[in-house]
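Engineer: Chain residues, written in single-letter form:
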Amino acid sequence: MEKLESETLMLNVGPHHPSTHGVLRVIVELDGERVVDLKPDLGFLHRGVEKLAEYKTYHQFIPVTDRLDYMAASYNNFAYCLAVEKLLGLEVPLRAQYIRVIIGELSRIFSHLFWLGTHAHDLGAMTPIFYALREREEIMNLFEMCCGGRLTQTYFRIGGVAADIPEGFVEKVKAFTNHFPQRVDEYEALLTENPIWMERAVGVGVLSKEDAIALGASGPMARGSGLALDVRKDNPYSSYDHFDFEVPVFEGGDVYSRYLVRMEEMRQSTKIIDQAIDNLPPGPYLAEAPRYVPPPKERTLGEIEALIHHFILYQEGLKPPVGEVYACVESPRGEMGYYIISDGSPRPYRLKIRPPAFVNLESLATMTRGRLLADLIAILSSVDIVLAEIDR
Amino acid sequence: MGEEHIAVRKVQEALPDAIQSIGTFRDETWIVVARDRLLDVCKFLKEDPELAFDFLSFVCGVDYYPSQPRFEVVYQLYSTKHHHRFRVKTKVPEDDPKVPSVVTIWPTADWHERETYDLFGIEFQGHPDLRRILLPADWVGHPLRKDYPLRGPERSS
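Going down the list, the protein sequences come from chains H and G.
Throughout the first sequence, residue numbering follows the numbering used here, covering 1 to 392 in sequence.
Throughout the second sequence, residue numbering follows the numbering used here, covering 1 to 157 in sequence.
Be aware that one or more of the hints could be misleading.
Stated by the list, open to error - Simulated restraints on C-beta separations:
| # | chain 1 | residue 1 | chain 2 | residue 2 | range |
| --- | --- | --- | --- | --- | --- |
| 1 | H | Asn12 | G | Glu13 | 51 to 59 Å |
| 2 | G | Asp95 | H | His242 | 50 to 58 Å |
| 3 | G | Glu13 | H | Pro236 | 27 to 35 Å |
| 4 | H | Lys297 | G | Lys81 | 45 to 53 Å |
| 5 | G | Asp95 | H | Glu298 | 53 to 61 Å |
| 6 | H | Phe130 | G | Ile6 | 49 to 57 Å |
| 7 | G | Arg26 | H | Asn141 | 35 to 43 Å |
| 8 | G | Ala137 | H | Ala162 | 37 to 45 Å |
| 9 | G | Lys81 | H | Pro236 | 16 to 24 Å |
| 10 | G | Arg26 | H | Arg34 | 49 to 57 Å |
In short, the hints are calculated from the structure, not lab data.
No residue lacks a Cβ here, since even glycine has one placed at the ideal position from N, Cα and C.
Based on the sequences and whatever the hints tell you, model everything.
Structural biologist: Right, dumping it as structure tokens:
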């Protein structure tokens with residue numbers, strides 16, 4: 001007679017599964033309901049963005065960066081433009097820096113709101129997503145007013161932004177920041193001390209501080225593990241050192257801590273937006289640098305010099321010096337960076353993107369081993385992944 | 001240029017024969033190290049208390065086809081203690097595209113090295129699980145190589 005032995009079960013989660021937030025496949029090895037090990041399988045959305053970059057001019061690549069992370073599209077523009085500007089040695093006017101901060105922080109709230117809604121939904125709380133989407137809609141209206149686009153804004157340009165903020169925008173943003181902190185309180189009233197919520201989140205998916213560093217975790221993942229990492233504070237860019245804000249850090253390292261970090265970050269972002277709006281300096285919104293930045297359309301109609309620059313920049317593209325730079329920003333998901341190698345031609349010789357969600361997802365196995373299968377869903381959604389960015 | 005950077009100075013002192021060249025551009029400094037000294041340099045950069053490069057931002061490949069040595073592998077480092085950044089590179093010849101893996105030093109290198117293997121065909125020796133990560137397992141070729149076409153048949157052989 002054959003001997004009866006217990007063996008582990010291999011289970012496929014995804015690639016099409018509501019809780020994978022895109023097309024991600026996780027191969028889970030189960031012992032009963034316990035996760036023994038898991039292997040994420042990536043690449044279902046791979047579009048070869050880094051290869052594509054080598055065939056586009058620096059200007060043409062901006063809209064592609066939007067499509068990497070549609071939850072915080074402007075923050076991709078932000079990182080990319082900063083990297084190119086660093087390569088060129090281009091100084092961005094102060095007004096443009098402030099506008100970028102406003103749009104960037106709105107993107108952060110925008111991204112965190114959608115994360116909150118879907119995360120709560122994954123954990124069985126149906127209500128918060130309707131509230132979160134209500135406020136997200138308000139931000140989309142602000143984006144539409146300022147940038148034209150609602151999801152992929154493509155508002156940033158090399159040297160500044162595409163256009164000055166429209167009339168009435170300041171008042172609309174103020175109206176939003178006025179009531180938004182109370183809305184965050186409302187979400188917290190629904191969740192933070194809710195016993196069912198805490199049962200699903202506290203102590204689940206723990207990532208120690210040491211593991212967080214070793215596995216390269218950044219953003220709310222790192223700050224939820226007691227690691228005070230924030231590029232905005234540590235290596236300020238775009239005038240972030242002008243603003244007074246705190247970086248929330250929680251020590252738990254679990255799903256709950258990551259939730260608390262993001263909730264507080266929304267309040268802090270509101271604070272930054274308020275300061276930037278109140279102190280918005282006058283001046284140009286785009287740098288004056290004829291070799292790199294196209295002149296305004298009106299000037300090309302009257303001045304031969306501006307017309308020549310216009311033609312060269314759009315037909316050939318800007319020609320940066322030979323060199324290589326790495327510039328990174330604190331995107332809603334963590335350290336998002338662009339590493340660009342230029343050979344002096346109008347197209348990047350090599351462009352490497354450091355996607356925060358890709359690196360953060362690497363910790364998934366460490367956080368999930370030994371937990372229940374149901375916890376996998378909670379842990380995965382607490383990482384806040386965007387597959388378009390992971391697969392590139 | 002670049003010698004004044006603290007990391008360059010310290011590596012020069014501790015491992016004088018490891019550095020092949022030093023580069024700087026826009027306040028960023030990097031060193032190119034010999035392939036067989038890469039692990040020593042990385043270990044030193046991580047463990048020296050004044051440098052403490054404990055955080056690996058990314059690993060990536062670069063293809064300089066048709067120059068030789070053809071490839072370069074780049075390691076972008078960061079210190080969570082001192083908040084400074086540094087870059088280490090190593091040259092890899094086309095006929096022997098192998099580099100020692102740094103997974104034992106920075107575990108996060110796991111996926112980055114898989115990605116570099118996937119897109120450039122550079123092998124990382126000592127990597128625990130070197131498989132393709134973004135492309136299907138049966139894909140032919142390595143798309144980020146300069147001689148790989150941007151468009152063309154799905155699978156060029």
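Engineer: Work down the list of hints and note, for each, if the structure agrees.
Structural biologist: Hints versus structure:
Checked against the hint of 51 to 59 Å, the C-beta distance between H:Asn12 and G:Glu13 comes to roughly 53 Å, which is consistent with it. The hinted range of 50 to 58 Å is satisfied by G:Asp95 and H:His242, whose Cβ atoms lie roughly 53 Å apart. For G:Glu13 and H:Pro236, the hinted distance range of 27 to 35 Å is satisfied, since their beta carbons lie about 31 Å from each other. The hinted range of 45 to 53 Å is satisfied by H:Lys297 and G:Lys81, whose Cβ atoms lie roughly 49 Å apart.
The beta-carbon spacing between G:Asp95 and H:Glu298, approximately 57 Å, falls within the hinted interval of 53 to 61 Å. One distance hint, 49 to 57 Å for the beta-carbon pair H:Phe130 and G:Ile6, holds here, with the actual separation near 53 Å. Distance hint check for G:Arg26 and H:Asn141: the Cβ-Cβ separation is about 38 Å, which falls inside the suggested range of 35 to 43 Å. Between G:Ala137 and H:Ala162 the CB atoms are about 42 Å apart, so this pair conforms to the stated range of 37 to 45 Å.
Remark: the range hint 16 to 24 Å for G:Lys81 to H:Pro236 is upheld by a beta-carbon distance near 18 Å. Checked against the given bound of 49 to 57 Å, the beta carbons of G:Arg26 and H:Arg34, roughly 50 Å apart, stay inside it.
Checked against the numbered hints listed earlier, the structure breaks none of them; every hint is satisfied.
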